[in-house]
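Top to bottom, those sequences are chains A and B. The opening position of the first sequence corresponds to residue 1 in our numbering, with each subsequent residue numbered one higher. The opening position of the second sequence corresponds to residue 1 in our numbering, with each subsequent residue numbered one higher.
Keep in mind that the hints were calculated from the coordinates and are not lab data. Accuracy of the hints is not assured; some may be wrong.
Only pairs whose alpha carbons sit at most 30 Å apart, straight line, appear in this in silico BS3-like list of lysine-lysine [what the hints assert, rightly or not]: (1) K176/B with K238/B; (2) K33/A with K280/B; (3) K99/A with K280/B; (4) K59/B with K108/B; (5) K59/B with K109/B; (6) K109/B with K176/B; (7) K99/A with K109/B; (8) K33/A with K238/B; (9) K176/B with K23/B; (10) K238/B with K99/A; (11) K23/B with K33/A; (12) K59/B with K33/A; (13) K176/B with K135/B; (14) K33/A with K176/B.
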Amino acid sequence: MADISAAPVKRMPRGMFREMTRNTYAITWKELKAYFTQPMAYVVAVVFIAITGFFFVDSLSGPLPLANLYGYLREIRWVLLVLVMGAVLTMRSIAEEQKMGTLELLLTSPVRDWEIVLGKYIATLIFFYALLLLTMFYPLLLKIFASPDMGPIWTGYLGIALAGAMFLAIGILASSLTNNQIVAAVLTLGILFGLWFLYLAEGFIGGLPGSAFVYISPRSHYDALVRGILDTGSIVYFITVTISALFVATRSLESRRWR
Amino acid sequence: MIEVQNVSKFFGNYPAVEDVSFKVEKGEILGLLGPNGAGKTTIMRIITGYTPPTSGTVKVAGHDILHDSMAARAAIGYLPETVPLYTDMTVREYLLFQAAIRGVPNNKKGQRLEDVVETVRLNDYVDTHIGKLSKGFRQRVGIAQAIIHEPSVLVLDEPTIGIDPIQVVETRSLIKSLGGGDRAVILSTHILPEVSMVCGRVVIINEGRVIAEDTPANLALRLQNSRQVSADIRGPTKLVTAAIEKIPGVTSIHRESFEGHSQYIVECGVGNDCREELAKVVVANGWGLLSMQAKGMTLEEVFLELTTQEEA
Ligand SMILES: Nc1ncnc2c1ncn2[C@@H]1O[C@H](COP(=O)(O)OP(=O)(O)OP(=O)(O)O)[C@@H](O)[C@H]1O
Ligand SMILES: [Mg+2]
Chain A
1 MADISAAPVK
11 RMPRGMFREM
21 TRNTYAITWK
31 ELKAYFTQPM
41 AYVVAVVFIA
51 ITGFFFVDSL
61 SGPLPLANLY
71 GYLREIRWVL
81 LVLVMGAVLT
91 MRSIAEEQKM
101 GTLELLLTSP
111 VRDWEIVLGK
121 YIATLIFFYA
131 LLLLTMFYPL
141 LLKIFASPDM
151 GPIWTGYLGI
161 ALAGAMFLAI
171 GILASSLTNN
181 QIVAAVLTLG
191 ILFGLWFLYL
201 AEGFIGGLPG
211 SAFVYISPRS
221 HYDALVRGIL
231 DTGSIVYFIT
241 VTISALFVAT
251 RSLESRRWR
Chain B
1 MIEVQNVSKF
11 FGNYPAVEDV
21 SFKVEKGEIL
31 GLLGPNGAGK
41 TTIMRIITGY
51 TPPTSGTVKV
61 AGHDILHDSM
71 AARAAIGYLP
81 ETVPLYTDMT
91 VREYLLFQAA
101 IRGVPNNKKG
111 QRLEDVVETV
121 RLNDYVDTHI
131 GKLSKGFRQR
141 VGIAQAIIHE
151 PSVLVLDEPT
161 IGIDPIQVVE
171 TRSLIKSLGG
181 GDRAVILSTH
191 ILPEVSMVCG
201 RVVIINEGRV
211 IAEDTPANLA
221 LRLQNSRQVS
231 ADIRGPTKLV
241 TAAIEKIPGV
251 TSIHRESFEG
261 HSQYIVECGV
271 GNDCREELAK
281 VVVANGWGLL
291 SMQAKGMTLE
301 EVFLELTTQE
311 EA
């Protein structure tokens, strides 16, 4: 039996790690380019910047605005916005490939399932972080004219960045479960709302199980960061959930082969 | 290069593929021939690692498709039946992406792009969005992505389906040119002439099972021996029919009466040429043999024959 080294183009000349990053990078790059060919992405970007701009202006009109920008980021509306973003930015990613059949070529190419998931995830993350970076213009603008307490702003942004990372990972997971992007979006919103409001269960259950629900919900973790508390536990929480969601998404992609 | 061994695939209780075995060697173009729903696509999906078999093993370029999947996949170029492409990419973007995920080194990607675009004659369309291409041109893009990494194994699922006749001819000669050398090619089709035009060997499958495997010429030959013989015989029809029935190997007789003689269509089983025996019988009984003709079978009929045999 001839092996592949007989082929003129040799694979894997520079080692496994190079190859892995290369595959992931290729997928990420393809996904990013896809964003810029979709009118949807532009709509999402414009709407996001506009709404966050409104949040900012609105937070300034409250009492003691300049001393503390807590109100700008703390509001549930920020979370709702990021939550919807998470659903919209990820709904296509795997579902659409399944629907169009392009997943067949992707899954039969020498790319590992996790490389596909990670590549797609990183693309959504880059897109989201780019937008988030733009909104940092608002508080920085304020800094020119006044001297607000920037600490909570930075940790608040960290909270949004981490929550966003988690929401996007769950969005990718939902997209891997179906070949209908609308179903994927609804599923993402369902899971995220469910998780977010899980903390309310404490009111009915109380005790240890109750506080477990509070821990599982991203709300308290997000809240801590927005308050300016750089809580390691909260950071670990977001990263753990993100990695777990991506792991399950990889498994779900894998299981598509068996269907 | 491709070794399929006792492969079965069940969807629930439904056997889409049952105990299929065959090999494709270097330099060979193998045709997988079968009617709709025969299991061709399922077999190709198993070979390419898209779907695991329920049982059996597949080796591609010496690598097990399940246990050494990455190496096996790296050796394969694949054109799925539906030619799935990213319609909002240009041909260039798409082929460069495929080159990247199929392991073409960065410094060779540009050259490979030029080469494959030349091979499938897409030169004037490199910067066209795939969504704007006709079906035939998309098929070319599909073939281009399948060969961009110079795979040693090429898997083409119905590569000429849905494109116009002129392009079909072009595509067939393209496939022939892609075979040969160090490459093993397997293509599926339900068009018989295609197989004799392109393939060196045919595996005919029906209802998930291999029912014949040979060169197109041999298959036709094999079936020639089981072909129909039409004979015009003058004589008492009942006696003639009875006598022909006694000839070993005869499976069926149809008679049509004409003025003064009858035409008998005699069918013989595989491996039997009953012409000689038929002539002897007629002469021995003193009847008149006015004419006798072996009805040659086209490959089309061969195929019908094979599939109906399986059902019987
Ligand atoms: N994912 C699936 N789930 C259930 N049944 C399936 C699946 N894929 C294929 N089948 C069944 O397996 C059988 C073989 O299908 P397959 O697509 O392999 O046939 P084919 O020879 O490629 O046919 P065609 O010429 O129409 O492309 C069919 O009866 C089909 O309905
Ligand atoms: Mg098919």
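Now for the hints, and whether the structure bears them out:
1. For the suggested pair K176/B and K238/B, the alpha carbons sit about 53 Å apart, so the restraint of at most 30 Å is broken.
2. The straight-line distance between the Cα atoms of K33/A and K280/B is roughly 79 Å, outside the 30 Å bound, and the hint therefore fails.
3. Distance check on the hinted pair: K99/A and K280/B sit about 66 Å apart at the alpha-carbon level, beyond 30 Å; violated.
4. Using a Cα cut-off of 30 Å, the hinted pair K59/B and K108/B holds, with the two alpha carbons roughly 28 Å apart.
5. Using a Cα cut-off of 30 Å, the hinted pair K59/B and K109/B holds, with the two alpha carbons roughly 28 Å apart.
6. Using a Cα cut-off of 30 Å, the hinted pair K109/B and K176/B holds, with the two alpha carbons roughly 24 Å apart.
7. Pair hint K99/A plus K109/B holds up; C-alpha atoms about 29 Å apart against a cutoff of 30 Å.
8. The suggested pairing of K33/A with K238/B is violated, with an alpha-carbon distance near 80 Å, which exceeds 30 Å.
9. Pair hint K176/B plus K23/B holds up; C-alpha atoms about 19 Å apart against a cutoff of 30 Å.
10. For the hint pairing K238/B with K99/A, the CA-to-CA distance comes to about 64 Å; that exceeds 30 Å, so the pair is violated.
11. Among the hinted pairs, K23/B with K33/A is inconsistent with the structure: their alpha-carbon atoms are about 41 Å apart, more than 30 Å.
12. Distance restraint check for K59/B and K33/A: the Cα-Cα separation of roughly 36 Å exceeds the 30 Å cut-off, and the hinted pair is therefore not satisfied.
13. About 21 Å separates the Cα atoms of K176/B and K135/B, which keeps this hinted pair within 30 Å; it holds.
14. For the proposed pair K33/A and K176/B, the alpha carbon gap of about 36 Å is over 30 Å, so the pair is violated.
This entry does not satisfy hints 1, 2, 3, 8, 10, 11, 12 and 14, going by the numbered hints stated previously.
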